[in-house]
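S.K.: What follows is each chain in one-letter form.
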Amino acid sequence: MTSPLEQKKIKIAGPSVVTANRTWDGIVVYRTAAMSWSADLSEAAIVRNSDEAKALLAESVADDVGAIGPYIAPVQVGADGKIEPGNLREQIRRTGVTIGQPVQV
Amino acid sequence: MYAYDEIDRTLVNERVSEFRDQVKRRLSGELTEDEFKILRLQNGVYLQLHAYMFRVAIPYGTLASNQLRALAHVARKYDRGYGHFTTRQNIQFNWIKLAELPDALADLAEVGIHAMQTSGNNMRNVTSDQWAGVAPGEIEDPRIWSELIRQHTTLHPEFSFLPRKFKIAITASDHDRAAIKIHDIGLRLIKNEKGETGFEVLVGGGLGRTPFIAKTIKHFVHGRDILSYIEAILRVYNQYGRRDNIYKARIKILVHELGIEKFSREVEEEWQHIRNSSLQIDDEVIEDIRSRFAYPSYEKLPHMPDQLRQAAADPDFEAWRKNSVAPHKVQGYSIVTISLKPIGAPPGDATAEQMDALADLADKYSFGEIRVGHEQNLALPHVAQRDLPALWKALDKLGLATPNVNLITDIIACPGLDYCSLANARSIPIAQELTRRFANHELANLIGRLHINISGCINACGHHHVGHIGILGVEKNGEEVYQITIGGRADESAALGNLIGPGVKFDEVADVVEDIVEAYLALRERPEELFMDTVKRLGVEPFKERVYATR
Numbered sequence: 001m002t003s004p005l006e007q008k009k010i011k012i013a014g015p016s017v018v019t020a021n022r023t024w025d026g027i028v029v030y031r032t033a034a035m036s037w038s039a040d041l042s043e044a045a046i047v048r049n050s051d052e053a054k055a056l057l058a059e060s061v062a063d064d065v066g067a068i069g070p071y072i073a074p075v076q077v078g079a080d081g082k083i084e085p086g087n088l089r090e091q092i093r094r095t096g097v098t099i100g101q102p103v104q105v
Numbered sequence: 106m107y108a109y110d111e112i113d114r115t116l117v118n119e120r121v122s123e124f125r126d127q128v129k130r131r132l133s134g135e136l137t138e139d140e141f142k143i144l145r146l147q148n149g150v151y152l153q154l155h156a157y158m159f160r161v162a163i164p165y166g167t168l169a170s171n172q173l174r175a176l177a178h179v180a181r182k183y184d185r186g187y188g189h190f191t192t193r194q195n196i197q198f199n200w201i202k203l204a205e206l207p208d209a210l211a212d213l214a215e216v217g218i219h220a221m222q223t224s225g226n227n228m229r230n231v232t233s234d235q236w237a238g239v240a241p242g243e244i245e246d247p248r249i250w251s252e253l254i255r256q257h258t259t260l261h262p263e264f265s266f267l268p269r270k271f272k273i274a275i276t277a278s279d280h281d282r283a284a285i286k287i288h289d290i291g292l293r294l295i296k297n298e299k300g301e302t303g304f305e306v307l308v309g310g311g312l313g314r315t316p317f318i319a320k321t322i323k324h325f326v327h328g329r330d331i332l333s334y335i336e337a338i339l340r341v342y343n344q345y346g347r348r349d350n351i352y353k354a355r356i357k358i359l360v361h362e363l364g365i366e367k368f369s370r371e372v373e374e375e376w377q378h379i380r381n382s383s384l385q386i387d388d389e390v391i392e393d394i395r396s397r398f399a400y401p402s403y404e405k406l407p408h409m410p411d412q413l414r415q416a417a418a419d420p421d422f423e424a425w426r427k428n429s430v431a432p433h434k435v436q437g438y439s440i441v442t443i444s445l446k447p448i449g450a451p452p453g454d455a456t457a458e459q460m461d462a463l464a465d466l467a468d469k470y471s472f473g474e475i476r477v478g479h480e481q482n483l484a485l486p487h488v489a490q491r492d493l494p495a496l497w498k499a500l501d502k503l504g505l506a507t508p509n510v511n512l513i514t515d516i517i518a519c520p521g522l523d524y525c526s527l528a529n530a531r532s533i534p535i536a537q538e539l540t541r542r543f544a545n546h547e548l549a550n551l552i553g554r555l556h557i558n559i560s561g562c563i564n565a566c567g568h569h570h571v572g573h574i575g576i577l578g579v580e581k582n583g584e585e586v587y588q589i590t591i592g593g594r595a596d597e598s599a600a601l602g603n604l605i606g607p608g609v610k611f612d613e614v615a616d617v618v619e620d621i622v623e624a625y626l627a628l629r630e631r632p633e634e635l636f637m638d639t640v641k642r643l644g645v646e647p648f649k650e651r652v653y654a655t656r
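Taken in order, these protein sequences are the chains called A and G.
Residue numbering for the first sequence follows the working numbering, starting at 1 and increasing by one per position.
Residue numbering for the second sequence follows the working numbering, starting at 106 and increasing by one per position.
Keep in mind that the hints were calculated from the coordinates and are not lab data.
Treat the hints with care, as some may be off.
Claimed, not checked - Listed below are the simulated DSS-like cross-link pairs for lysine-lysine, each with C-alpha atoms no more than 30 Å apart in a straight line:
1) G:Lys142 x A:Lys11
2) G:Lys353 x A:Lys9
3) A:Lys9 x G:Lys581
4) A:Lys54 x G:Lys610
5) A:Lys9 x G:Lys142
6) G:Lys610 x A:Lys11
7) A:Lys11 x G:Lys353
The task is simple: from the sequences and hints, build the whole structure.
M.R.: Here's what the structure looks like:
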């Protein structure tokens, strides 16, 4: 597998986070400023330029036991600092499927 | 049902132990994800949007009731209480934890179920007609040959690192329910003029980014030679198939680029080297496999018993019977298709409770056997006609008696962006809305046979290319956009659909399908003219005009 760092030149168009799936159970996690993973988007480290994004991604990739498949995802940051996913895919990853599941979770 | 022998059981159990060790080493950090990925894929474990997804094989679509209960158990204990039946006779669990996967696999292994080769660049689960062994007019049971190929290709080192995944489907009936023409190799069981069993062999079918209908490479290969012939095809593919470009790596591209004549010559040359080798199958081998398939001891029953005649007075029962019940090769019995497409629900999903209850119904009414079809429905293959009214009532209580098999709400859909990491757009909500639009059974019946297939990306897991109406979700400028095709089909007359025009937005898809259906109802010459016949007669234009006249 090609490292995400080598896949393409990292370009970001706005505030972004690094997200992945936790290794042992696969749940969606976000890289925090404390060099850890959190399931809470509000705890994600925000990057605003390519160098910051590259550094955060490199650090995330290195933590191969903690989470897998890290990549940079766009977010929106409100005036109050609240972080929201930047596209539908990330919205679904954060809040779950947009359909009712056959069994209530 | 096929009974595993000691070799099968040992193989499955050893595989569980091996994977348990691999998972342990992964979680401890001894294995990196790069090292582990190929190992998990070889055991059916993907990473999707929210979690790991676990794909379990149901070889040639045949399940015993205890196996269905084991699937229900996995859904309940390790997942969120439901599973999703796919278009290739597999079931997927969407919320499995990696740390618990070895235990789930061990529980399945107890009843002879595994996840080997349900992903990765190897020979995938061999699929077949879900009515195999019971369909009237069938040449012979195709599952015997499916099992032969399964045994030969499972963990075969030469086929474990192919340029790309490889799928085989087998049918033995004139009407193709196994969609063999959209497989890498499609096998149609036939008899030659001497009455010997063999196969018409098709190659190079497939959907995805570059769809092709399979071409016939050989009109008759004797049954004893089928393994060597398949092996010859795979050797040519292994040698010439592209490994430098994932989008051009499937055999369909090789067949297309070489041309079927040249490809055929290459295969023929290779075949002559290996044809008279140990790959030649003795009759005893086939008979041994045949003897491991247990067939029910059918009773001698009348056709159309009194119970059925009396129940026919109930219009709800008749609506269900008309669409869900098919003739059986044995008088007095029927094949019952169980719709997993309730109105407003995700296509192909079944809860653990439904699976358990269905297993009980299979024991009571179908000699403990259940089938899985590529249309994402289930079937009970041996139901006595006298039991149909009671079965219907029981299915209705479970929410499994929707009378829509082969109608417009019997939709095939991939998991789409709600689950899948490859998807660009959602599929399931589109299917749900369409089932609500056409929920009126009288309307659906008036429309008649019409298959809608939906994929959430170009990989085409929802087989949109071969839907009578095909819907492909793509992403454009951050928005979900859907391209609509009409005129595709997946049966013996397989064809790819034609695009009717520019893509439409998420909220417009159901309106567009309604327009297409209204146009069809207005254009058909008589009620018996099916949607596909009207499209064939008139082409895309009148539908295009109707859809885009006001858009």
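S.K.: It remains to establish, for every hint, whether it holds in the given structure.
M.R.: Comparing the hints with the structure gives:
For the proposed pair G:Lys142 and A:Lys11, the alpha carbon gap of about 27 Å is at most 30 Å, so the pair holds. For the hint pairing G:Lys353 with A:Lys9, the CA-to-CA distance comes to about 24 Å; that is within 30 Å, so the pair holds. Annotation: proposed proximity of A:Lys9 to G:Lys581 holds, straight-line Cα distance about 22 Å (limit 30 Å). Pair hint A:Lys54 plus G:Lys610 does not hold up; C-alpha atoms about 35 Å apart against a cutoff of 30 Å.
Distance check on the hinted pair: A:Lys9 and G:Lys142 sit about 24 Å apart at the alpha-carbon level, within 30 Å; holds. Between the alpha carbons of G:Lys610 and A:Lys11 the distance comes to roughly 28 Å, so the proposed pair stays at or under 30 Å and holds. Proximity of A:Lys11 to G:Lys353 is assessed by CA-CA distance (about 28 Å); at most 30 Å being required, the pair is judged to hold.
In terms of the numbered hints stated before, the structure departs from hint 4 and from no other.
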